[in-house]
Amino acid sequence: MSSNIKSVLEPFEKVKDDLYFFARQAKQNGEKVAGFLCTYSPQELFHAGGYFPVRVIGKEGGTPLADQWLQQYACSFAKGVLNLGLTGDFSFLDLVVFSHTCDTMQNLAEVWRRRVEGMPIIVVSTPNLNGGDIALTYLKRELTRVKEEVEKISGNTITDANLLESIRIYDMHRNNMRKLYEIRRNNPSLLSGTDMFTVVLSSMLMKKEEHNKLLEVLITELQKVPSQKEDKPRILVGGSVCQAQGFIQSIEMSGAIVSDDDLCMGSRSYVIPPIPQGDPIEMLAQMYLSRIPCPAFYKPGYDPAGPYIEKIKSGNVNGVIFLQTKFCDPYGFNYPYLRKRLEQEGIPSLLLEVEQNQPVPEAFRTRVEAFVETLIK
Amino acid sequence: MSQRVPIRATAKMKELMGFYYMMAKSAENDPNQKIAWITSGGPVEILHAAGVIPIYPENVAAMAGTMKISDEICAIAEEQGFSRDLCSYARTDIGSALSGKGPIMGSASPKPDLLVCCNNICGTVTKWYEELQRIFNVPLIFIDAPFQYGIKDRPEAIDYMEAQLRRMMEQVSEVTGKPFDMDKFMETLELSDRAVKLWREIQDLLQHKPAPMNSFDTFIHLAPIVTLRGTQGCIEYYETLKAELLERIEQGIGTLEKEEYRLGWDNLPVWFKIKFLSERFSQHNAALVVSTYTRSFCYQAEDRDISNPLRAMSADYLAGYINHGLDFRERELTEMVRDFSLDGFVMHSNRSCRAYSFGQYELARTLEDKYGVPVLLIEADQNDTRMWSDEQVGNRIDAFMERVASKKQRNIA
Numbered sequence: 033m034s035s036n037i038k039s040v041l042e043p044f045e046k047v048k049d050d051l052y053f054f055a056r057q058a059k060q061n062g063e064k065v066a067g068f069l070c071t072y073s074p075q076e077l078f079h080a081g082g083y084f085p086v087r088v089i090g091k092e093g094g095t096p097l098a099d100q101w102l103q104q105y106a107c108s109f110a111k112g113v114l115n116l117g118l119t120g121d122f123s124f125l126d127l128v129v130f131s132h133t134c135d136t137m138q139n140l141a142e143v144w145r146r147r148v149e150g151m152p153i154i155v156v157s158t159p160n161l162n163g164g165d166i167a168l169t170y171l172k173r174e175l176t177r178v179k180e181e182v183e184k185i186s187g188n189t190i191t192d193a194n195l196l197e198s199i200r201i202y203d204m205h206r207n208n209m210r211k212l213y214e215i216r217r218n219n220p221s222l223l224s225g226t227d228m229f230t231v232v233l234s235s236m237l238m239k240k241e242e243h244n245k246l247l248e249v250l251i252t253e254l255q256k257v258p259s260q261k262e263d264k265p266r267i268l269v270g271g272s273v274c275q276a277q278g279f280i281q282s283i284e285m286s287g288a289i290v291s292d293d294d295l296c297m298g299s300r301s302y303v304i305p306p307i308p309q310g311d312p313i314e315m316l317a318q319m320y321l322s323r324i325p326c327p328a329f330y331k332p333g334y335d336p337a338g339p340y341i342e343k344i345k346s347g348n349v350n351g352v353i354f355l356q357t358k359f360c361d362p363y364g365f366n367y368p369y370l371r372k373r374l375e376q377e378g379i380p381s382l383l384l385e386v387e388q389n390q391p392v393p394e395a396f397r398t399r400v401e402a403f404v405e406t407l408i409k
Numbered sequence: 196m197s198q199r200v201p202i203r204a205t206a207k208m209k210e211l212m213g214f215y216y217m218m219a220k221s222a223e224n225d226p227n228q229k230i231a232w233i234t235s236g237g238p239v240e241i242l243h244a245a246g247v248i249p250i251y252p253e254n255v256a257a258m259a260g261t262m263k264i265s266d267e268i269c270a271i272a273e274e275q276g277f278s279r280d281l282c283s284y285a286r287t288d289i290g291s292a293l294s295g296k297g298p299i300m301g302s303a304s305p306k307p308d309l310l311v312c313c314n315n316i317c318g319t320v321t322k323w324y325e326e327l328q329r330i331f332n333v334p335l336i337f338i339d340a341p342f343q344y345g346i347k348d349r350p351e352a353i354d355y356m357e358a359q360l361r362r363m364m365e366q367v368s369e370v371t372g373k374p375f376d377m378d379k380f381m382e383t384l385e386l387s388d389r390a391v392k393l394w395r396e397i398q399d400l401l402q403h404k405p406a407p408m409n410s411f412d413t414f415i416h417l418a419p420i421v422t423l424r425g426t427q428g429c430i431e432y433y434e435t436l437k438a439e440l441l442e443r444i445e446q447g448i449g450t451l452e453k454e455e456y457r458l459g460w461d462n463l464p465v466w467f468k469i470k471f472l473s474e475r476f477s478q479h480n481a482a483l484v485v486s487t488y489t490r491s492f493c494y495q496a497e498d499r500d501i502s503n504p505l506r507a508m509s510a511d512y513l514a515g516y517i518n519h520g521l522d523f524r525e526r527e528l529t530e531m532v533r534d535f536s537l538d539g540f541v542m543h544s545n546r547s548c549r550a551y552s553f554g555q556y557e558l559a560r561t562l563e564d565k566y567g568v569p570v571l572l573i574e575a576d577q578n579d580t581r582m583w584s585d586e587q588v589g590n591r592i593d594a595f596m597e598r599v600a601s602k603k604q605r606n607i608a
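If you read the sequences in order, they're chains A and B.
In terms of our numbering, the numbers along the first sequence are unbroken and rise by one, the last being 409.
In terms of our numbering, the numbers along the second sequence are unbroken and rise by one, the last being 608.
There could be a bad hint or two in this list.
Said to hold, decoys possible - Per the computed footprint, the stretches of chain A lying under chain B, defined by three or more beta-carbons under 8 Å from a beta-carbon of chain B, are: (1) 90-102; (2) 135-141; (3) 173-180; (4) 200-207; (5) 324-336.
If you are wondering where the hints come from, they were derived from the structure by calculation, not from laboratory data.
Bear in mind the structure is a predicted one, so any value in this text is a computation, not a measurement.
A virtual CB, placed ideally from N, CA and C, is assigned to each residue, including glycine.
Construct the entire structure; sequences and hints are all you get.
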């Protein structure tokens, strides 16, 4: 990697040591910070309402406080973030935003509301039916209600002009991230998967305006590098992991390169078809309904294997590793079908159950190494 | 002192349900008779009005559980890659669909021409029915009933439901090939409304001391309201049951020799351990007299507009216990404690059901701390026997009943 690219990556890496480095900095400047738990939270609305939206993420370690409120069979993401809510780690947040997705997130929002003190919460009732005018009408009304609630809590009026500007910034960000994904799809060795996921992580924890600037520099630098021959097997990671860095790094240490992903906190959230300019609430509603749907949602006619096969073919992927968070139902139900479809396509896959609050276990490395070996021809 | 007198109506119910399943099974070979698989909280009245026979995979899974064949059927789904951490009903049903094995006269449910999934009971059904659609390759109607976080249901959610139910009528009529009969639909809604009210009245009769029936019986008598609401047979059955319960009340017949303690139950039953649990609580002279689960099938919206039946139906299908947040659940639980004179609550922390179970620890703490109601949490599963231990659960029940008894004594003293 050129020293130029290395220095471009430095600012992104600040979040590796302290996830909320930028959030705290903003707080010190007297700004308001909103935490969101899911990429379905309409961040544009909160941005337009004067908040700096950051992703709520757990960290490594036990969850003794959350264990008092959530059963053993709750996923490690839910427990991890609830634990930090209860310890007061998130007390710097002025607002917390939940989106209705799976049963676990639904009840987590309820426990959080009743037990985590110090900040208001908003739950966005995302329709679980994705597609069609009926769902669109509902989401428009829901986003209007959320907008009014943000105005009430923040004391700021959200004008159409503000909201359109926020949408523009977020759109530009999604475009930049898609460009970066595209560059890596063609030429993954330009930027390792490990570095890519640092960029992805920082995209949820930095201001989009800043992130855009850095991304543009990064993209320009990467485009200068002549394309290189690469013989490492290319891996696509799928599944339901929210903090993928450790796992990605472990996969790459085994001799493969993670060239693409189908993760919600990865490529999925950047794929939104262009929406014609118009009423901003209508635009937002259309954008969130035309995403690759969260596996908890039902989208008529949608084939969950579609994005996998498309990325595998366009990016010459050699194998798929599913990073499945234990007790994640929506992904758990998709897995048997995805495995079957990949088999039909002749793509090897490996399922690894992960806990998000634990370091990468030794067994994970062993299984990944064995899998990667079979891909090296 | 009352003797243990069995409920006579049970035989009639078995007959009713047997007839229904026989009819459904024979319809499988009749191309003119359409069959739909539907979730327990689904808007079945639209199917009845269109002459489509509804089949409830959840009910079939529970039957497999009580017949103790669910483990074996779940294993078939697990071999296909469905994790043991997923809902055991879904695993039972998917295993049954894949293998043809099942509890209905020795085999699986009759194959569907249509699938109807309403997520007012959980999000798991969304994924489960997607899988059924892949297996059977038939149309899937998905009704999205937004979870109501607050106590008061939101009007935009009711509008959303209404629009989806109207569209469902068109979708069903595409499957039957016949225009949707609005008059028949209105009649069905009325039959359904009467059945739902009867089901509530029957459960409310258990407020009487001694309770004329036990919640373990209520679990069994639930079958018609789930599968047959909207039919005349359902009403007739519950009228018979109600009359018998009134008779039992008049004669002072309870379900225990001596009813000393009264308990509530939260979450689905542990289908394969109904007898064990019933006997264990009986040993302590404790009767289970109300459950959030069986009451889920008689929720009607609070401010329903009866002059507009479709609107009322749209609101009703949002109104259930588990489609609501914890403030609503707290209110319901405390009302049950008051109305049924409960001495404690038993909460089944059900590994299969994250929608129902997460939040129970919070509710249990609230009942204990804020209202002084003893709560027993039983960690188990509705259909998967593999982590159950008679000894462990039995000991916990014994310890809990000691706590209930000493608290009651203190209150009397």
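Of the hints given before, which are not true for this structure?
When the structure is compared with the hints, only number 4 turns out to be violated.
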